[in-house]
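**Q** One-letter residues, chain by chain:
Number of protein chains: 2
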Amino acid sequence: MSFVKIEEDSDFSMHNLPFGVFSTRDNPRPRIGVAIGDQILDLGVIKHLFTGPVLSAHQDVFGQPTLNALMGLGHEAWKEARGVLKKLLSANESTLRDDVTLRRDYTDFYSSRDHATNVGIMFRGKENALMPNWLRLPVGYHGRASSIVVSGTPIRRPMGQMRPDPEKPPVFGPSKQMDIELEMAFFVGAGNKLGEPIPIEKAHEHIFGMVLMNDWSARDIQAWEYVPLGPFLGKNFGTTISPWVVPMEALLPFVQPNPVQDPKPLPYLSHDDPYTFNINLFVSVKGDAMKEAATICKSNFKYMYWTMKQQLAHQTVNGCNVRPGDLLASGTISGPDPESFGSMLELSWRGSKSIDLGEGGSRTFLKDGDEVTLTGYCQGHGYRVGFGPCHGKIIPALQQ
Amino acid sequence: MSFVKIEEDSDFSMHNLPFGVFSTRDNPRPRIGVAIGDQILDLGVIKHLFTGPVLSAHQDVFGQPTLNALMGLGHEAWKEARGVLKKLLSANESTLRDDVTLRRDYTDFYSSRDHATNVGIMFRGKENALMPNWLRLPVGYHGRASSIVVSGTPIRRPMGQMRPDPEKPPVFGPSKQMDIELEMAFFVGAGNKLGEPIPIEKAHEHIFGMVLMNDWSARDIQAWEYVPLGPFLGKNFGTTISPWVVPMEALLPFVQPNPVQDPKPLPYLSHDDPYTFNINLFVSVKGDAMKEAATICKSNFKYMYWTMKQQLAHQTVNGCNVRPGDLLASGTISGPDPESFGSMLELSWRGSKSIDLGEGGSRTFLKDGDEVTLTGYCQGHGYRVGFGPCHGKIIPALQQ
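Chains A and B, in that order, give the protein sequences.
For the first sequence, counting from 1, position 25 maps to 25 in full-length UniProt numbering; every step adds exactly one.
For the second sequence, counting from 1, position 199 maps to 199 in full-length UniProt numbering; every step adds exactly one.
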């Protein structure tokens, strides 16, 4: 289909065409492009070829240094762009840039039932594992946008206040319970006006595309700080996303039936069309002394209980406005099997058992020098639609 | 001191010189200015007069449509600008604009001991009023930046999910417990790099100035959603700030000793210099049928337990990065006397008694058409340093 050679296991097949921001050695100016195989199509160079009814008047969005302007044009524009791109391919020696978007607000949901149940059992016991509101609405909270970074950015172990012994005063020091969270997130495209909700029937038109996300967490800091207003410093020292935004159009062929929701959600959260996606997910850890990374989690995005449509409808039902570049994340994705648990908190069952890394190594939480990589892809017949790696290495705390 | 006539009770005396964004009938372009009496000094027109060692190379910041660039220059630049401004005054017929800054991340703290105690007594009883972490660190959470609006913007009553009867399923409808929160907030000036905390000794240099804030709250939505990840839709449908940013230099003459903190905070939160401010605060409500607004709260910013230096040092101690234009808010400010309680939740003691508005009117929570105005000022000898009004009117819910 393309003159670019694409391996069968490439994340970036013709069926994908994810958007990103890149620069080249010869031209360091950040500009937007589309990944295809191991090449990047520079959209600025071919912007005059977007001559369809919507884009002909907005070719300038392809010359921007971020994706926000394209996202803001809305669903019809994205479909039109995708149609043009399928016909056009060229090659460039390129390096990825970190500013995919000018990110604004960031929401983190808590929409995996297995994850919420696991955490509930650990902290409140089996009888009260799920809070009363959990099956009624997609619980979420506002996260920190400033500390969202792109794959490859090192993550410094945070200093902070914690209370390891509840009988003694709190102490200050480097976190001893550095964890990962396997998540996915979607970028909002066109936004809404303050005071005017996005109904669930229109939600898809506002969802631009998806990335992988590692929501690094310091469990000891989080445990001490989070009552009653939620996570804060235990989460906002770094959140890593994968560098390419995979359009929803590329993911729709991998849609499958939604999970049964009982009790039935209120009407503003109800939709019958499938919006659950079969995306294979993996987490690997490579310690300083290890030759190869060890896979510690095999999961799938299909394990989500609440859909992205439900999340966006809920986020805006009170009139809250979303804007192009806003990011809404799934929360930790865990499946029913222990190997699919999406955090070390769950994999080590709150530190009570060790996670085997092979080569004689093991972990309960992360050590300095550990490299964590999230990967994910949809498997088609002879091709993949993938995300590229979401990678970060833990560097030692800055001692004061 | 100035050729502009300034009334003794003007918010904008020569001792204030707050920054804002304005436009005029003749020139609708948004630009930055300084309020003086009932006039505005256009900083773009006089930018060539900023010839000091820092600003001479950065005169362009005064030609920007927001304050972010000036904020980002840092403390020495702000002091230099203030020195120049005290010598220069001119007049313009002007209207205020809403985009004071390109706002980015927004944090809301919970730093009034009386407020936290009142809420704790109502929801958990007198014995467990303050959570164990409250006296150890400034509890806070991430708020929504997109829905921060400037004084005068109408606030639509939000629709949402709530559970008024815990024995029955949740219901959907307009909030019946619309409340205000009397807060103040500060803008971050120069930021820090991800991974590099701002030590408390340097915090003042990163704090640009302050505004009044009304953190509108839907108590019924909040009560049902907030466990375990904190407030979300109960808070993010609108947050109003006053239009002028009062520089910290203008507030320093009104500093007073900090409250005694027992237990003594950890070293990263400890500072001995006073950073508590004597700012008189008022909340008034005017119903549709009322001729005059009724004052429902008289309070003072000096009632805060945690200082802004402590808030900023805590926010960044884990390496979280802040950026010019970030907003950090106090949380509801309540004092020891019932008349100083900063929310209707407290003033009506969770709806159990009515708040007298005179003229035969009363409230427990807000009605459609109610106009709420926050005002605040420091009282000098024969002059004031004030904030201008922080105003909003409740408009009816958008029925689906």
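Derived by calculation from the structure, the hints in this document are not laboratory data.
Misleading hints may appear alongside valid ones.
For chains that are exact copies, the list does not tell them apart, and a pair is met inside one copy or across any two.
Said to hold, decoys possible - Once the Cα atoms are required to be at most 25 Å apart in a straight line, the calculated DSS-like pairs of lysine-lysine come out as: (1) Lys176 to Lys79; (2) Lys393 to Lys193; (3) Lys86 to Lys47; (4) Lys298 to Lys193; (5) Lys176 to Lys353; (6) Lys126 to Lys168; (7) Lys87 to Lys202; (8) Lys264 to Lys393; (9) Lys126 to Lys47; (10) Lys286 to Lys5; (11) Lys126 to Lys193; (12) Lys353 to Lys367.
Here the structure is a predicted model, which means the values were calculated and not measured.
**Q** Next, verify each hint and record whether it holds.
**A** Evaluation of the provided hints:
1. Neither within a single protomer nor between protomers do Lys176 and Lys79 lie at most 25 Å apart by alpha-carbon distance, with minima of 47 Å and 42 Å respectively.
2. With identical chains, the CA atoms of Lys393 and Lys193 are at most 25 Å apart between copies only, with a shortest distance of 18 Å across copies and 39 Å within one.
3. Taking the closest pair of Cα atoms, Lys86 and Lys47 come within 25 Å of each other only inside a single copy of the chain (14 Å); across copies the shortest separation is 51 Å, beyond that limit.
4. Proximity of Lys298 and Lys193 under a CA criterion of 25 Å is satisfied in neither setting, with 40 Å inside one chain copy and 34 Å between copies.
5. Only within a single protomer do Lys176 and Lys353 lie at most 25 Å apart by alpha-carbon distance; the minimum there is 16 Å, versus 48 Å between protomers.
6. In the homo-oligomer, the alpha carbons of Lys126 and Lys168 lie at most 25 Å apart only across protomers (23 Å), although the nearest pairing inside one protomer, at 28 Å, exceeds that limit.
7. For the identical chains of this complex, Lys87 and Lys202 are neighbours neither inside a copy (29 Å) nor across copies (56 Å), given an alpha-carbon limit of 25 Å.
8. In the homo-oligomer, the alpha carbons of Lys264 and Lys393 never lie at most 25 Å apart, since the shortest distance is 42 Å inside one protomer and 36 Å across protomers.
9. Taking the shortest Cα distances, Lys126 and Lys47 never come within 25 Å of each other, neither inside one copy (57 Å) nor across copies (66 Å).
10. Taking the closest pair of Cα atoms, Lys286 and Lys5 never come within 25 Å of each other, the shortest separation being 30 Å inside a single copy and 70 Å across copies.
11. Neither within a single protomer nor between protomers do Lys126 and Lys193 lie at most 25 Å apart by alpha-carbon distance, with minima of 42 Å and 42 Å respectively.
12. Taking the shortest Cα distances, Lys353 and Lys367 sit within 25 Å of each other inside one copy (16 Å), while across copies they are farther apart (55 Å).
Hint compliance for this structure: hints 1, 4, 7, 8, 9, 10 and 11 are not met, and every other hint is.
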